[in-house]
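J.: Residues per chain, in single letters:
Number of protein chains: 2
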Amino acid sequence: MPDQPLPGAPSEAVPLDDRGLLLGDGLFETILWSGEALVLGEAHAQRLLRGAALLDIPAPTAGAFIGCAEAAAGAVARVRAAIRVTLTAGSGGRGLERPGVLRPRLFATASPSARPAGPAAIAVSSIRRSPSSPLSRLKTLAYLDNVLARREAVAQGADEAVMLNSDGEVAGAAAANLFWVRGGILHTPPTEAGCLDGIMRAAVIAAAGDLGVEVRMPREAPEKVAGSDALFLTSSLIGVRPAFWVGQEAPAAHPLVERLAAAVASIS
Amino acid sequence: MPDQPLPGAPSEAVPLDDRGLLLGDGLFETILWSGEALVLGEAHAQRLLRGAALLDIPAPTAGAFIGCAEAAAGAVARVRAAIRVTLTAGSGGRGLERPGVLRPRLFATASPSARPAGPAAIAVSSIRRSPSSPLSRLKTLAYLDNVLARREAVAQGADEAVMLNSDGEVAGAAAANLFWVRGGILHTPPTEAGCLDGIMRAAVIAAAGDLGVEVRMPREAPEKVAGSDALFLTSSLIGVRPAFWVGQEAPAAHPLVERLAAAVASIS
Numbered sequence: 001m002p003d004q005p006l007p008g009a010p011s012e013a014v015p016l017d018d019r020g021l022l023l024g025d026g027l028f029e030t031i032l033w034s035g036e037a038l039v040l041g042e043a044h045a046q047r048l049l050r051g052a053a054l055l056d057i058p059a060p061t062a063g064a065f066i067g068c069a070e071a072a073a074g075a076v077a078r079v080r081a082a083i084r085v086t087l088t089a090g091s092g093g094r095g096l097e098r099p100g101v102l103r104p105r106l107f108a109t110a111s112p113s114a115r116p117a118g119p120a121a122i123a124v125s126s127i128r129r130s131p132s133s134p135l136s137r138l139k140t141l142a143y144l145d146n147v148l149a150r151r152e153a154v155a156q157g158a159d160e161a162v163m164l165n166s167d168g169e170v171a172g173a174a175a176a177n178l179f180w181v182r183g184g185i186l187h188t189p190p191t192e193a194g195c196l197d198g199i200m201r202a203a204v205i206a207a208a209g210d211l212g213v214e215v216r217m218p219r220e221a222p223e224k225v226a227g228s229d230a231l232f233l234t235s236s237l238i239g240v241r242p243a244f245w246v247g248q249e250a251p252a253a254h255p256l257v258e259r260l261a262a263a264v265a266s267i268s
Numbered sequence: 001m002p003d004q005p006l007p008g009a010p011s012e013a014v015p016l017d018d019r020g021l022l023l024g025d026g027l028f029e030t031i032l033w034s035g036e037a038l039v040l041g042e043a044h045a046q047r048l049l050r051g052a053a054l055l056d057i058p059a060p061t062a063g064a065f066i067g068c069a070e071a072a073a074g075a076v077a078r079v080r081a082a083i084r085v086t087l088t089a090g091s092g093g094r095g096l097e098r099p100g101v102l103r104p105r106l107f108a109t110a111s112p113s114a115r116p117a118g119p120a121a122i123a124v125s126s127i128r129r130s131p132s133s134p135l136s137r138l139k140t141l142a143y144l145d146n147v148l149a150r151r152e153a154v155a156q157g158a159d160e161a162v163m164l165n166s167d168g169e170v171a172g173a174a175a176a177n178l179f180w181v182r183g184g185i186l187h188t189p190p191t192e193a194g195c196l197d198g199i200m201r202a203a204v205i206a207a208a209g210d211l212g213v214e215v216r217m218p219r220e221a222p223e224k225v226a227g228s229d230a231l232f233l234t235s236s237l238i239g240v241r242p243a244f245w246v247g248q249e250a251p252a253a254h255p256l257v258e259r260l261a262a263a264v265a266s267i268s
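Protein chains in written order, with the working numbering: chain A, 1 to 268; chain B, 1 to 268.
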């Protein structure tokens with residue numbers, strides 16, 4: 001940990017009037033710490049900055065963001081870890097309304113994070129995202145729908161929830177992006193369908209391009225996605241993780257999924 | 001303030017691993033303090049308990065809830081005030097997933113709250129609620145959609161946002177329930193449309209019954225609601241507040257709205 005906390009960085013607690021605590025008014029990033037360095041730290045910093053601009057919350061500099069994340073990583077030192085960086089809108093205002101000047105809080109915590117083993121069982125959640133809201137595309141502190149969707153999936157014996165949008169189209173997973181392969185073509189929902197602009201999602205799309213694989217971003221019903229040749233999840237912590245519908249047999253390895261996993265293995 | 005804090009009650013701050021802070025995993029109530037007593041405190045306690053059961057968060061007793069709210073009211077003593085009681089899911093877990101045993105945190109803060117003067121200008125928000133989510137009907141710590149909807153309304157010169165659901169039907173306002181009068185009949189959306197089970201909403205519906213006024217709970221498009229004879233908002237802090245569409249002239253007093261406002265005036 002640094003000797004001096006960053007300006008506005010709470011070291012152990014946030015006050016009871018923090019808008020992140022009271023209203024979910026803020027953003028977060030979850031970054032992989034390889035044991036030696038942040039993985040794609042600059043991409044996470046830039047996404048937080050874009051989200052803060054959308055929500056009209058003054059953002060830290062990318063340097064302050066990365067410094068905060070690296071300081072938290074000091075607590076876990078040389079193990080693979082998840083670094084969670086949180087930006088709240090700070091204190092004040094009256095009910096829903098923000099104060100005239102926001103003084104955001106930035107803090108980070110770290111916890112060891114093993115690479116998940118084996119494919120993930122997935123189940124469709126009854127909770128649908130509203131693409132009319134910017135929240136459907138951002139990692140905000142108002143993440144309770146995702147918590148509830150994951151709980152619903154786990155109660156069905158699955159590892160992760162697939163979330164649809166209000167039109168019944170596949171949007172993504174509770175804490176990951178979803179991809180599927182059909183006829184040799186890679187598919188993932190467009191962000192406009194209500195999915196996170198995932199950093200590992202972008203890395204996989206880029207890797208597919210390098211491999212000469214066509215990528216499509218359709219709006220599809222889950223029944224159509226279910227008929228795909230292979231499914232996988234992506235996130236900064238899991239990289240590429242094969243997936244299958246709960247209740248079905250775990251799938252055999254799919255060559256394209258394996259190639260994509262290998263292509264991003266160095267960054268997850 | 002009491003000499004002894006309640007068990008699990010943070011007095012000044014919550015730790016950085018609190019799930020309410022990190023994920024919006026929790027609930028709140030906003031209660032009117034008349035200057036002498038909590039108004040409908042038991043009803044607020046029971047609603048929080050129902051919400052906690054829905055979210056599977058261990059709830060405090062109604063007595064602990066009311067004790068916490070009254071202790072906070074001590075800070076504002078004999079002025080009309082808003083008491084905000086917050087229940088978080090506590091610390092721990094791994095990412096979205098909760099720990100095996102939740103140890104919720106309960107705390108309350110108070111701030112003076114003047115009765116709003118005059119009718120409220122309202123504007124329809126572009127952010128739509130998803131009735132598939134229990135969050136559309138609860139006051140959860142994941143309230144950022146409401147913050148953003150209010151900001152959008154204020155930017156248009158309005159005081160409050162009307163929120164539609166994903167089917168384009170009127171659901172309610174960002175921090176209030178919405179009613180309209182047409183042909184002498186009182187209308188408000190059903191909770192299934194994605195609106196809060198408001199405590200003042202219930203009081204107004206009961207008052208209408210006492211006055212022999214028919215109440216309907218239809219799912220209506222905003223264009224149809226716009227053609228009503230009168231509109232008003234309800235909440236614990238504002239009671240009954242007449243409303244009008246931003247850009248139109250503020251309405252003349254409507255007899256039924258005035259009678260309903262008078263009927264609940266003793267409790268707001």
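Calculated directly from the structure, the hints in this document are not laboratory data. One or more hints might be untrue.
Between beta-carbon pairs, the in silico distance windows are [claimed, not checked]:
| no. | chain 1 | residue 1 | chain 2 | residue 2 | range |
| --- | --- | --- | --- | --- | --- |
| 1 | A | A202 | B | T61 | 33 to 41 Å |
| 2 | B | P58 | A | A37 | 39 to 47 Å |
| 3 | A | A252 | B | V101 | 36 to 44 Å |
| 4 | B | Q248 | A | R103 | 31 to 39 Å |
| 5 | B | R78 | A | G157 | 52 to 60 Å |
| 6 | B | Q248 | A | A221 | 38 to 46 Å |
| 7 | A | A226 | B | Q248 | 43 to 51 Å |
| 8 | B | E12 | A | A37 | 43 to 51 Å |
| 9 | B | A252 | A | E223 | 25 to 33 Å |
Not everything, but these chain B residues come out facing chain A in the computed CB check (under 7 Å) [to be verified]:
| no. | residue |
| --- | --- |
| 10 | P15 |
| 11 | L16 |
| 12 | L21 |
| 13 | S91 |
| 14 | G92 |
| 15 | R103 |
| 16 | F107 |
| 17 | P112 |
| 18 | D145 |
| 19 | S266 |
| 20 | I267 |
By construction, the Cβ of each residue, glycine as well, lies at the ideal position given by its N, Cα and C atoms.
J.: State for each hint whether it applies.
T.: Going down the list of hints, with the structure as the test:
1. A202/A <-> T61/B: 33 to 41 Å: violated (49 Å)
2. P58/B <-> A37/A: 39 to 47 Å: holds (40 Å)
3. A252/A <-> V101/B: 36 to 44 Å: Taking Cβ atoms as reference, A252/A and V101/B lie about 39 Å apart, which means the hint holds.
4. Q248/B <-> R103/A: 31 to 39 Å: holds (37 Å)
5. R78/B <-> G157/A: 52 to 60 Å: Hint holds: Cβ distance 56 Å, inside 52 to 60 Å.
6. Q248/B <-> A221/A: 38 to 46 Å: At 41 Å between Cβs, range holds.
7. A226/A <-> Q248/B: 43 to 51 Å: holds (49 Å)
8. E12/B <-> A37/A: 43 to 51 Å: violated (36 Å)
9. A252/B <-> E223/A: 25 to 33 Å: violated (54 Å)
10. P15: holds (5 Å)
11. L16: Holds, about 6 Å.
12. L21: holds (5 Å)
13. S91: It is violated, given that the least Cβ distance between S91/B and chain A is near 11 Å, above 7 Å.
14. G92: Given a least distance of 11 Å, the restraint on G92/B is violated.
15. R103: violated (16 Å)
16. F107: holds (6 Å)
17. P112: violated (10 Å)
18. D145: holds (5 Å)
19. S266: Result: violated, 23 Å to nearest chain A Cβ.
20. I267: violated (20 Å)
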